[in-house]
Amino acid sequence: MSDGPLHLRCEAVARVFGRRHVLRDVSFTASSGEVVAIVGRNGAGKSTLLSILAGRRLPDRGRVLVAAGERPATVAETRSWLGFLPHDLLVYPDLTARENLEFTGVLHGQPNPAKRAVEVLASVGLTVDGDRTVRTFSRGMQQRTAIGRLMASGARAWLLDEPSTGLDESGRRWLLELLVAQGREGRTVLFSTHHPSEVEAAATRVLVLDGGRLVEDLPGGSQGAAAAFARVDGGRS
Amino acid sequence: MDELRRYAAIVGKDLRVEFRTREILYTTTLFALLLVVIFAFAFLSDPTKSRDYGPGIIWVTVLFATTVGQNRLFDRERENDCLWSLLLSPAAPSTVFLAKATAQLAFALLMQVPTILLILVFFDLRVTDPFAFVAALALGNVALALVGTLFAAMLMNARMKEVLLPLVTYPLFVPVVIAGVKVTAVAVGAPIAEDPEVWLKFLLGFDMIFGVVTVMLFGRMVRA
Amino acid sequence: MGKGGPVSARIGFGLTVVAAGLLTAALYMVFFVAPLEATLGISQKIFYFHVGAAINMLLSFGFCALAGLVYLSIGGMNRRWADIADAVGVATAEVGVTLGAIVLITGPLWARKAWGTWWTWEPRLTLSLMVFLLFLAYLALRAFAGSDRFGRGVAAGLSILGIPAVYFIHFAVDRWGGAHPQVVYKGGLTQPEMRIAFGLSVAAVFLLATTLSWLRLTIERERQHLDELYLEVDRRLG
Numbered sequence: 001m002s003d004g005p006l007h008l009r010c011e012a013v014a015r016v017f018g019r020r021h022v023l024r025d026v027s028f029t030a031s032s033g034e035v036v037a038i039v040g041r042n043g044a045g046k047s048t049l050l051s052i053l054a055g056r057r058l059p060d061r062g063r064v065l066v067a068a069g070e071r072p073a074t075v076a077e078t079r080s081w082l083g084f085l086p087h088d089l090l091v092y093p094d095l096t097a098r099e100n101l102e103f104t105g106v107l108h109g110q111p112n113p114a115k116r117a118v119e120v121l122a123s124v125g126l127t128v129d130g131d132r133t134v135r136t137f138s139r140g141m142q143q144r145t146a147i148g149r150l151m152a153s154g155a156r157a158w159l160l161d162e163p164s165t166g167l168d169e170s171g172r173r174w175l176l177e178l179l180v181a182q183g184r185e186g187r188t189v190l191f192s193t194h195h196p197s198e199v200e201a202a203a204t205r206v207l208v209l210d211g212g213r214l215v216e217d218l219p220g221g222s223q224g225a226a227a228a229f230a231r232v233d234g235g236r237s
Numbered sequence: 001m002d003e004l005r006r007y008a009a010i011v012g013k014d015l016r017v018e019f020r021t022r023e024i025l026y027t028t029t030l031f032a033l034l035l036v037v038i039f040a041f042a043f044l045s046d047p048t049k050s051r052d053y054g055p056g057i058i059w060v061t062v063l064f065a066t067t068v069g070q071n072r073l074f075d076r077e078r079e080n081d082c083l084w085s086l087l088l089s090p091a092a093p094s095t096v097f098l099a100k101a102t103a104q105l106a107f108a109l110l111m112q113v114p115t116i117l118l119i120l121v122f123f124d125l126r127v128t129d130p131f132a133f134v135a136a137l138a139l140g141n142v143a144l145a146l147v148g149t150l151f152a153a154m155l156m157n158a159r160m161k162e163v164l165l166p167l168v169t170y171p172l173f174v175p176v177v178i179a180g181v182k183v184t185a186v187a188v189g190a191p192i193a194e195d196p197e198v199w200l201k202f203l204l205g206f207d208m209i210f211g212v213v214t215v216m217l218f219g220r221m222v223r224a
Numbered sequence: 001m002g003k004g005g006p007v008s009a010r011i012g013f014g015l016t017v018v019a020a021g022l023l024t025a026a027l028y029m030v031f032f033v034a035p036l037e038a039t040l041g042i043s044q045k046i047f048y049f050h051v052g053a054a055i056n057m058l059l060s061f062g063f064c065a066l067a068g069l070v071y072l073s074i075g076g077m078n079r080r081w082a083d084i085a086d087a088v089g090v091a092t093a094e095v096g097v098t099l100g101a102i103v104l105i106t107g108p109l110w111a112r113k114a115w116g117t118w119w120t121w122e123p124r125l126t127l128s129l130m131v132f133l134l135f136l137a138y139l140a141l142r143a144f145a146g147s148d149r150f151g152r153g154v155a156a157g158l159s160i161l162g163i164p165a166v167y168f169i170h171f172a173v174d175r176w177g178g179a180h181p182q183v184v185y186k187g188g189l190t191q192p193e194m195r196i197a198f199g200l201s202v203a204a205v206f207l208l209a210t211t212l213s214w215l216r217l218t219i220e221r222e223r224q225h226l227d228e229l230y231l232e233v234d235r236r237l238g
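Protein chains in written order, with the numbering used here: chain A, 1 to 237; chain B, 1 to 224; chain C, 1 to 238.
Watch out, some of these pointers could steer you wrong.
[Said to hold, decoys possible] Not the full set, but computed from the structure, chain A residues with beta-carbon under 10 Å of chain B: (1) R19; (2) V22; (3) G83; (4) P86; (5) T133.
[As the list claims (entries may be wrong)] Where chain B lies over chain A, by a calculated footprint (3+ residues, C-beta under 8 Å): (6) 69-82; (7) 102-110; (8) 119-132.
Source of the hints: derived by calculation from the structure; they are not laboratory data.
Note that beta-carbon positions come from the ideal geometry of N, C-alpha and C, so glycine has one too.
Chain A extracted, bound-state conformation (with noise of 0.2 Å):
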């Protein structure tokens, strides 16, 4: 990994649909190291932030910047920085697993990307699965692949929307720990969940959303993610 620790930046970020706002002035940044987990009602606004910070989607208003250190970075290496895991998983299915891979490495320009399609697979437990199409797969067959995406682009920001949709309690429990290992590893992750367990076991750091907007700023650890989760619950009256 080049260049200094990488920096994600939202200055004020407003996203509109229709005449009613999804995100309202969202601000924060995220840097190298941490694990953020973005918590929130379903409609507070989590899926389209990611979307924004993975440059899916345009902000209406505000803006949202990527550096290495100092150092703003260019529009090739945001999309190479950056690692997207939405709902939509981004993964061909008339390909398989293998092939999605490697796909992933030749566009994201990593060096010997066959190679490392089979060292991904290893690592998310579907080298015997590998060569079957991802259609055929179950939900969370079809997670991990994507989750495997994000190690075979090399990306140095992991951006995850509820990534553990489909997995099951083993499975769950491997993508906390690689989570966690990312973050060690020094890279910015954040994802979005509306589990208390993953919060307290993964996050350094939590972030309510409520109506779009950012409402709590809270550390990680069992403290904040019960802190953050009654804010969640109390805004349900």
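Please arrange chains B and C on chain A, whose structure you already have, making use of the hints.
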């Protein structure tokens, strides 16, 4: 160099998926063959006229069947929102666009070989100028692929994209069809006074100008 | 009243008055001053407004393409100017399509008297038809491909492609159509009064098109402004 590898990877991916599922080739080729049969019934009551109708029928078949294929081209990018795995990658938007257009062109040409052979047989057409015949189809198909791919990508998620795509592209295709029919008519020996070279240059010019403009537009339209 | 409402309304009123005046003057020139054309008689008078509408239709679409170019160049950078460019795009396209309808109704009337058929594939009439269809497709895109930013961008792209398309369509239909009757080719503008009437008609239709575009633009801006007000309410209350 990286861009070239990305381009090859995207084209290769599309071809691989196509040969695995055969969705586009199978359906468009069958559709084209049925069109030819229907045109034969519609126009062949007087066999002496086949040389008059033949070129037009070739181009109408090419146009219709290609449009059907273009509507399908981005289906596999829409599933799982895959187009964004390309657009969010470091690949330049122009690379993505040209790769998709290349795949589209390959599918269209593969579909047209049996179709056009069948038209030649059914309508008893003899190609007297093979170069002009092939050149017009090649250049014309490049034009269809460029414009069609641009709007097929943009309308990927639109309701009613099946109708919207031809609505938008056909007015732009009119000059291509005019030029194509002229050259094809000369190439099958129709008694008209036309210089195929002028029309081939016209098609080449169309390809170059629309090539530049569509490549430039793709990146901007996607980001808008 | 919206942003600069009173001013734009006053401009609209002024334009309306001038356009009405010019149109009246043009009609007077065409029917009471310009002499009857020898071979075509009264039907030649269609020509004045037919050509006036055709020229201004192409102008409208030119502005629409220009607005599309501005819209796509700005991208997401300046919302205000993107909104203005988009509004100009809708306004000019709708006015252009209206003028196109006039061209395509008066064209056959002229053709019936001049050449004895309702429709001829006269190159410029064919070009008008194709451009008319292209911008009908533009309006269809705007109506059905979504009015969000994405739909606007697609429509803008189509209008830009209209520029090279007009050039290629013009060349193709010109060569394709072959020879066409040269009688009254220039509309039979033999007398100086006819030329003055012609110039006045083109100018009058131009002002009419400008007025309509301006009014439509004002409406679109008001609509955009209303959307912003709703957003502002949502921002403060939500």
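So, going through the hints one by one against the coordinates:
1. R19: With a closest approach of 20 Å, the R19/A hint is violated.
2. V22: Constraint on V22/A not satisfied, violated at 18 Å.
3. G83: Since the shortest Cβ distance to chain B is 9 Å, the answer is holds.
4. P86: Hint holds; P86/A Cβ to chain B Cβ min 7 Å, cut 10 Å.
5. T133: With a closest approach of 7 Å, the T133/A hint holds.
6. 69-82: holds (count 4)
7. 102-110: Holds, because 6 residues of the segment 102-110 of chain A bring their Cβ atoms closer than 8 Å to Cβ atoms of chain B.
8. 119-132: Since three or more residues must qualify, the claim that chain B covers the segment 119-132 of chain A is violated, with 0 doing so at under 8 Å.
Checked against the numbered hints above, the structure violates hints 1, 2 and 8; every other hint is satisfied.
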